[in-house]
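Asker: Letter by letter, the chains look like this.
Protein chains: 2
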Amino acid sequence: MNQTLELMLSHRSIRKFTDQLVNERELDIIIRAAQAAATSSFLQAYSIIDVKNPEIRAKLRTFCGDQEYVEKSPIFLVFCGDTHRIKNVCDSSYESGWTETFIIATVDAAIAGQNAMLAAESLGLGGVYIGGIRNHAQEVSDLLKLPEEVYPVFGMCLGYPAQDPEVKERLPKEIVYHVDHYTELDEATLEAYDTHISDYYIKRTKGKIKDTWSEAVSKKFKQEKREHMLKFLQDRGFIKK
Amino acid sequence: MNQTLELMLSHRSIRKFTDQLVNERELDIIIRAAQAAATSSFLQAYSIIDVKNPEIRAKLRTFCGDQEYVEKSPIFLVFCGDTHRIKNVCDSSYESGWTETFIIATVDAAIAGQNAMLAAESLGLGGVYIGGIRNHAQEVSDLLKLPEEVYPVFGMCLGYPAQDPEVKERLPKEIVYHVDHYTELDEATLEAYDTHISDYYIKRTKGKIKDTWSEAVSKKFKQEKREHMLKFLQDRGFIKK
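Same order as they appear, the protein sequences are chains A and B. Going by my numbering, the first residue of the first sequence is number 1, and it counts up by one from there. Going by my numbering, the first residue of the second sequence is number 1001, and it counts up by one from there.
Derived from the structure by calculation, the hints contain no laboratory data. C-beta atoms are modelled at their ideal positions from N, C-alpha and C, and glycine is treated no differently. Careful: at least some of the hints might be erroneous.
When the alpha-carbon atoms are kept at most 20 Å apart in a straight line, the in silico SDA-like pairs for lysine to any residue are as follows [what the hints assert, rightly or not]:
hint, chain 1, residue 1, chain 2, residue 2
1, A, 210, B, 1090
2, B, 1072, A, 180
3, B, 1173, A, 41
4, B, 1220, A, 90
5, B, 1219, A, 94
6, A, 240, B, 1237
Beyond 12 Å from chain A on every Cβ pair, some chain B residues (computed) [what the hints assert, rightly or not]:
hint, residue
7, 1061
8, 1063
9, 1066
10, 1068
11, 1161
12, 1199
13, 1205
Chain A on its own, in the form it takes in the complex:
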């Protein structure tokens, strides 16, 4: 087992941070690592907004469901899908609005994001992805002055951990991993996992939460579905055809 594998296998979200600042050299290497990730056809269809201004942070916090760490974490990065830059440098061959281009930008941003997360973890930092950045995607875009064809995919809090939560066990491999063809999940395997996750929540919350995985997933869909996303993205110039 090497350092990289150990880091990946010990990943958990960190939402509480010490006061220790992340210095510019560390931040620089995190951004370089993000940029070094694979990118579809070398398009590099993403941008990273590093939000340092406390007033912008405070507003982002309210837009992201009032999560304190969005305001207070030492670093807060917003990973954006970005085809605006490509459109600008491209000759007339570029056509806006293809769904394919949206996928490229989203995947590029996500891959870069995961490198940033892992780079940070390799330096002793921890962090958490903030999908809540899409709760108020239009307001966030206005606040960060994102031009057309740029959209916030997720935010990321980074800093030195002030907590040490347990690693949350993932679905059994046989449910996620298939050979040659997709296979429907095995009910008994799911049931065992559901029990396992329920035990985890009971232990972590001292009995306050006892959801199985299936129940937790169901609750998620009763909450925010971000029903505005399609219109928002189309207004931005994405997914028009």
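Guided by the hints, dock chain B onto chain A, whose structure is given.
Answerer: Quick look at chain B alone, frame taken from chain A:
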């Protein structure tokens, strides 16, 4: 500089592989690393299809633009966005077709994919993402028997490298990285990068290709735009609202 950072900063796509097989233990840890990545609200909205059957591989090769390594690489994984599983385990709260859910599945698959790539690289393997899996997305879905609400985001070839290509320099940091607000790119910075990439191509192809980055990006958009993607995804149950 630690091992993880070094790995990330030395990433380049590998498209030629030795005959050395990837053993089951290595593959197992690659899948475990993929699964250990962050996942939106613990949904784990992705699946990985490991295509071992040579006949399926041969067909995939033709669907992916006849890239030999899709057929011949020791490992070929297809990372799929998957909300089918969630729909199955969810109570009646689940509603199909939200664009937000599509984004969650796509980002989950991409983040897991990047962990798999890096896990493989940490074991001395190399690989390449195959966006070409979307060239014939419907045919690929039929071939892999993907149910509704599962779609192939990208493929990934993995194996022991039989080539040692140069690392391709990314856009200057100041073009991708912004503080507090999005900033439009600086023409002079882009021009210097364009020249740099042209020099890289000239060197790598012995003068046959001399595109700048802007030219290479423009050419990309004259090729496959995968115009079928929106209809394909809607037929699968995604991006309906």
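Asker: Give a verdict on every hint.
Answerer: Results of checking the hints against the structure:
A C-alpha spacing of about 16 Å is found between residue 210 of chain A and residue 1090 of chain B, which places the hinted pair at or below 20 Å, so the restraint holds. Proposed proximity of residue 1072 of chain B and residue 180 of chain A is supported: the alpha carbons are some 15 Å apart, at most 20 Å. For the suggested pair residue 1173 of chain B and residue 41 of chain A, the alpha carbons sit about 19 Å apart, so the restraint of at most 20 Å is met. For the proposed pair residue 1220 of chain B and residue 90 of chain A, the alpha carbon gap of about 10 Å is at most 20 Å, so the pair holds.
Restraint check for residue 1219 of chain B and residue 94 of chain A: satisfied, since their Cα atoms lie roughly 9 Å apart, inside the 20 Å limit. At roughly 17 Å between alpha-carbon atoms, residue 240 of chain A and residue 1237 of chain B fall within 20 Å of each other, so this suggested pair holds. For residue 1061 of chain B, the condition that its CB be more than 12 Å from all CB atoms of chain A holds, with the nearest at approximately 15 Å. Once the 12 Å rule is applied to beta carbons, residue 1063 of chain B is consistent with being away from chain A; the minimum gap is 15 Å.
Residue-level check passed: residue 1066 of chain B sits 17 Å from the nearest beta carbon of chain A, beyond 12 Å. The Cβ of residue 1068 of chain B sits about 18 Å from the closest Cβ of chain A, beyond the 12 Å cut-off, so the non-interface label holds. Once the 12 Å rule is applied to beta carbons, residue 1161 of chain B is consistent with being away from chain A; the minimum gap is 15 Å. The claim that residue 1199 of chain B is not at the interface with chain A holds, since no C-beta of that chain comes within 12 Å of its own (minimum 15 Å).
For residue 1205 of chain B, the shortest C-beta to C-beta distance to chain A comes to about 14 Å, beyond the 12 Å cut-off, and the non-interface label holds.
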